[in-house]
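Assemble the complex: chain A is given as a structure, and chains B, C and D must be docked to it using the hints.
4 protein chains.
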Amino acid sequence: MLAVGVDIGGTKIAAGVVAEDGTLLATTRRSTDPHNPAAIEDSVVDAVEELRRDHEVGVVGVSAAGFVGKDRSTVVFAANIAWRDYPLGEILADRLGLPVVVENDANAAGWAEFRFGAGRDVDDMVMLTVGTGLGGAIVTDGQLLRGAVGAGAEVGHLRVVPNGRACGCGRDGCLERYVSGTALVRETQAALATDPARASRLIELAGKPKRVTGPMVTKAAMEGDEFAISMLTELGRWLGTGMAALSAVLDPAVYVVGGGVCEAGDLLLQPASEALDQQLFARGRRPLPTILVAELGNDAGIVGAADLARA
Amino acid sequence: MLAVGVDIGGTKIAAGVVAEDGTLLATTRRSTDPHNPAAIEDSVVDAVEELRRDHEVGVVGVSAAGFVGKDRSTVVFAANIAWRDYPLGEILADRLGLPVVVENDANAAGWAEFRFGAGRDVDDMVMLTVGTGLGGAIVTDGQLLRGAVGAGAEVGHLRVVPNGRACGCGRDGCLERYVSGTALVRETQAALATDPARASRLIELAGKPKRVTGPMVTKAAMEGDEFAISMLTELGRWLGTGMAALSAVLDPAVYVVGGGVCEAGDLLLQPASEALDQQLFARGRRPLPTILVAELGNDAGIVGAADLARA
Amino acid sequence: MLAVGVDIGGTKIAAGVVAEDGTLLATTRRSTDPHNPAAIEDSVVDAVEELRRDHEVGVVGVSAAGFVGKDRSTVVFAANIAWRDYPLGEILADRLGLPVVVENDANAAGWAEFRFGAGRDVDDMVMLTVGTGLGGAIVTDGQLLRGAVGAGAEVGHLRVVPNGRACGCGRDGCLERYVSGTALVRETQAALATDPARASRLIELAGKPKRVTGPMVTKAAMEGDEFAISMLTELGRWLGTGMAALSAVLDPAVYVVGGGVCEAGDLLLQPASEALDQQLFARGRRPLPTILVAELGNDAGIVGAADLARA
Amino acid sequence: MLAVGVDIGGTKIAAGVVAEDGTLLATTRRSTDPHNPAAIEDSVVDAVEELRRDHEVGVVGVSAAGFVGKDRSTVVFAANIAWRDYPLGEILADRLGLPVVVENDANAAGWAEFRFGAGRDVDDMVMLTVGTGLGGAIVTDGQLLRGAVGAGAEVGHLRVVPNGRACGCGRDGCLERYVSGTALVRETQAALATDPARASRLIELAGKPKRVTGPMVTKAAMEGDEFAISMLTELGRWLGTGMAALSAVLDPAVYVVGGGVCEAGDLLLQPASEALDQQLFARGRRPLPTILVAELGNDAGIVGAADLARA
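Sequence lines, in order, name chains A, B, C and D. First residue of the first sequence? That's 0 in numbering that gives the first Met the number 0, and the numbers climb one at a time after it. First residue of the second sequence? That's 0 in numbering that gives the first Met the number 0, and the numbers climb one at a time after it. First residue of the third sequence? That's 0 in numbering that gives the first Met the number 0, and the numbers climb one at a time after it. First residue of the fourth sequence? That's 0 in numbering that gives the first Met the number 0, and the numbers climb one at a time after it.
Next comes chain A alone, as it looks inside the complex (with noise of 0.2 angstroms):
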């Protein structure tokens, strides 16, 4: 049975359909405003409506930020759009006729990567998106974890430093104040400011401190600069320390790690698998768990949206 996903961001719509196997076979796009839930409703039937014309579909997985809860219908919470205990799946579902699926979108990407992508070969996963923020996904026992009002796999917000780093979320100490794009520019300009005369590549790159971007660190980093090779080294070892925490209660048996703080490569995940190694409860008396890139790039939402809502 073909499915339609549907990736719900914060300007735009990305739909496709997505066959058994996890092919996309057509996309399309709308622009939209976040401010604007009912014209979002409107853009989402839209798109739906057009892949249709060309596809039989039998259902529709949407992805979209915020808790979701155990109906897989409910938008218990979204920060960005104001959606409060909001039944969209029902909703969409009564205005396309079709049967709608409603999933976190951090839960759909790494299911993507579960079925179809780095970690189809096992059985326990956790997906870990370093971009602006910290994002996770969390399969145990083939199931996505999605908790008792849909808040589960918040990793991010996993707290590793009492009274560490204050958070937007209001706490501190959040795993994302440290393993993220947003602490990497943060820590490097911070870097920058007590001592200009390690970072010169990076001053050269970016002008000045304030204009020092993640991607700019990346670049410098695989050119050999040292200076920019430490600060993902930090980044990375902390990367590792969260793998470490998240292994004691989840023991999964690979880290799919995406985003694109994730370009590093081996700069970012080498020093996350040592400082794994060093921390991983009872190292020596099971396997080291695998860390994979993360193979689907940002289609992953659609794909794992789309299959979802056929399981």
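Hints listed in this document are in silico derivations from the structure and should not be mistaken for laboratory results. These figures come from a predicted structure and were not determined experimentally. Check the hints yourself; a few may be wrong.
Capping the alpha-carbon separation at 30 angstroms, the derived lysine-lysine pairs in DSS-like fashion look like this [claimed, not checked]:
(1) D:Lys69 to D:Lys209
(2) B:Lys69 to B:Lys11
(3) C:Lys207 to C:Lys218
(4) A:Lys69 to B:Lys11
(5) C:Lys218 to A:Lys209
(6) C:Lys69 to D:Lys69
(7) C:Lys69 to C:Lys218
(8) D:Lys209 to B:Lys209
(9) D:Lys11 to D:Lys218
(10) C:Lys69 to C:Lys209
(11) B:Lys69 to B:Lys209
(12) C:Lys69 to C:Lys11
Examples of chain B residues toward chain D, derived with CB under 7 angstroms [stated by the list, open to error]:
(13) Pro36
(14) Gly96
(15) Asn162
(16) Gly163
(17) Arg164
(18) Ala165
(19) Gly169
(20) Thr193
(21) Leu291
For every residue, glycine included, the Cβ atom is placed at its ideal position computed from N, Cα and C.
Chains B, C and D only, in chain A's frame:
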């Protein structure tokens, strides 16, 4: 179908016949020696055979401390008995001529609470057993979380303080170092050493600081002793800190707290609840998880193992 | 001998004639621009000349934010004024025809408390000024502790939490991030964001969370508002934590607490005292340091600089 | 004027005649029993009388473990000998008919380094003695920092990790738990326990993990063993972390590192220097403190006590 549950402890084996509704119909026990794996198997077989005489038993569940593989038969690693990748379930099944399923002991006990005890009304539960150490069991969407090599739910070894208190596992900052009977005694003795005046009631009970035990602290606290109350409050706050960390990953609806230390009741659970409330990710945008006291006592391992064997 | 004390602030200069017993006989002020060092010197000279007209002045002490060298003339580094290894004292002495001594502003204020204020009865004192930031001054055996390059007593930048809250200095975990008016406001706003219901009185005072100020928290706390009290308690506990750390190094008899935040009085100092008591090294084997509120107000810098110039 | 220095240790007393330039002209020793204070005094008197036979001695300095009061005679508290507010100096002066000055042992040794050893060229020095524990001495502007009750410079008990490793002092997170021979052995054994494969050379030297000693780690590291080097690197980083904390308070020009562990030389001091550089407040705006190895050996206590008695 009736099932036998067998709980292999350090010095004894307890077994019982368990009905489908969790009722324990008959029990028996054997003393045993952890240094003699062969004798343990003999005792298990002997105990099961005894119980089968009067009951029509269809399956056997075995609860044991250790990591249990996905086949639910192999003990990958056990700390106290010399099992290493040992096909315990298969061996017992051959001898008994019955299907045998092996489960981690904390998981078995947690499963019993989930099915027949404090967690019976929810789908997502975490059990924390605050005894000598800190044990854990995780149920997510009605399924027991075992992990890739049976090393999931080792929440006592979630690191909550980087470079924190040294743990017997060779690492540091493990939650168990802050939330366990051992931690309670250690902290109380340390506080006594620097400030004996605060603790006249405990000194009275114990004779001297080195003889203070966890139950003495609980007793003094329940009598109203301020110093003992402050020790349990501190422990309770760390318990809530651990719960908040786990909620970011697992989002359970209920925490079930078991083990000897929870006899202190609200002296422990009230500060835990406050700390959880303060530190919960997305507080105010989701319900606060409920904290409940475990309902099943020492038979939980037998009941849970039996029920899991039937599943 | 009479001395003039000059306190160079960010936007104004305050100067006064100080008698040997610390009495302020006359004062004057000038507005000034931190971006114009030459104009600052003109204003200082002008203010001192005015005061000399009516008083027989023998020496001038200048208090300024920055690291001051062992010659007590050179400003090694200042954050807000473009002084780098700048012979400020020598320049002013040449223009005034009087001996001029330059001191760090926090040190000058602390010295005034030591000589004429809350610290006058002891030989070993630490002053902590909890204002926008956290300033410090240390007197040990009757001598001001300046350090090798005038960078001693920067207690606001003592790191109390590894990988803790990010500090404007480019490092993290600095005590100032936990003990200052800025920290109070930040923590209060974060707590409000996740739990507005707890803070009705503060919302009433401020209109909305982003407008909460330190004095509002103090006001609400002094009215009995539980939420505001809990914020000050937290700050106070960190203050005591900082004191306990300093006691292991400096062993003062008295901590003098100044700055705007200490208007909260015992709401701040009581939890500070409790935390200090709990965390003091060798507690029970030594007296607990006394915590006192600063007695001199905004003139402390003038008085201290004048007195140090005479020494 | 010649002075005698007496170093009262746990099991022996060492005494020597010290010239004004710090030269040791003659020495003698006595065995002693820490449980017999009267016998200790007899031995001190006996040793001093022996040395006076051949030298014109004007004053006696006594170095002892404990807090020494401002009168430089009273031992306020000692951990190993039953002195509580005990007028040790006065008693010895009466018996000897000579002025006697008592000093804390770490302070006496640090003073010797300041006057005649690695710290002789500066006015502001901190000495850190990394032995079984972590001892400290502070000299600021040429004066020894003793504190109000002689409990200053207890830098081993500066708390660097909140809720960190448990310390024998009853508190937690003390720097000594991260920087000492005891910490080195404990961490090495813990790492060995979880990963014996990494440490073949150490197992070879020690026979089994529980027999590893600090000198074995140093030996293996100096032979190039990677695992042992990593252990010293970790210790060195904590040493630099401690220095950075102390610099925010004391701003010394020089850190003098003594004690058995510093035989590892740059394997310890290089990572210390890097960590200090990274964590120093106002780095780039002030010189990095210099790290030097102590020059005086076991006689430092005698020499320092004698010199302080003359001051």
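Verification of the hints:
1. D:Lys69 to D:Lys209: violated (43 angstroms)
2. B:Lys69 to B:Lys11: Given that 30 angstroms is the threshold and the Cα spacing comes to 26 angstroms, the pair holds.
3. C:Lys207 to C:Lys218: The hint holds at about 16 angstroms.
4. A:Lys69 to B:Lys11: Violated. A:Lys69 to B:Lys11 sits at ~42 angstroms, over the 30 angstroms cutoff.
5. C:Lys218 to A:Lys209: Given pair C:Lys218, A:Lys209 is violated - Cα atoms ~38 angstroms apart, limit 30 angstroms.
6. C:Lys69 to D:Lys69: Holds, because 27 angstroms separates the two Cα atoms, which is no more than 30 angstroms.
7. C:Lys69 to C:Lys218: violated (42 angstroms)
8. D:Lys209 to B:Lys209: holds (25 angstroms)
9. D:Lys11 to D:Lys218: holds (29 angstroms)
10. C:Lys69 to C:Lys209: violated (43 angstroms)
11. B:Lys69 to B:Lys209: violated (43 angstroms)
12. C:Lys69 to C:Lys11: The hint holds at about 26 angstroms.
13. Pro36: B:Pro36 check fails; min Cβ-Cβ to chain D is 23 angstroms, beyond 7 angstroms.
14. Gly96: violated (41 angstroms)
15. Asn162: Because about 5 angstroms separates B:Asn162 from the closest Cβ in chain D, which is inside the 7 angstroms limit, the hint holds.
16. Gly163: It holds, given that the least Cβ distance between B:Gly163 and chain D is near 5 angstroms, below 7 angstroms.
17. Arg164: Hint on B:Arg164: holds, closest Cβ of chain D at ~5 angstroms, below 7 angstroms.
18. Ala165: holds (6 angstroms)
19. Gly169: Interface hint status for B:Gly169: holds (4 angstroms vs cutoff 7 angstroms).
20. Thr193: holds (4 angstroms)
21. Leu291: It is violated, given that the least Cβ distance between B:Leu291 and chain D is near 27 angstroms, above 7 angstroms.
Hints 1, 4, 5, 7, 10, 11, 13, 14 and 21 from the list above are not met by this structure, while the remaining hints are.
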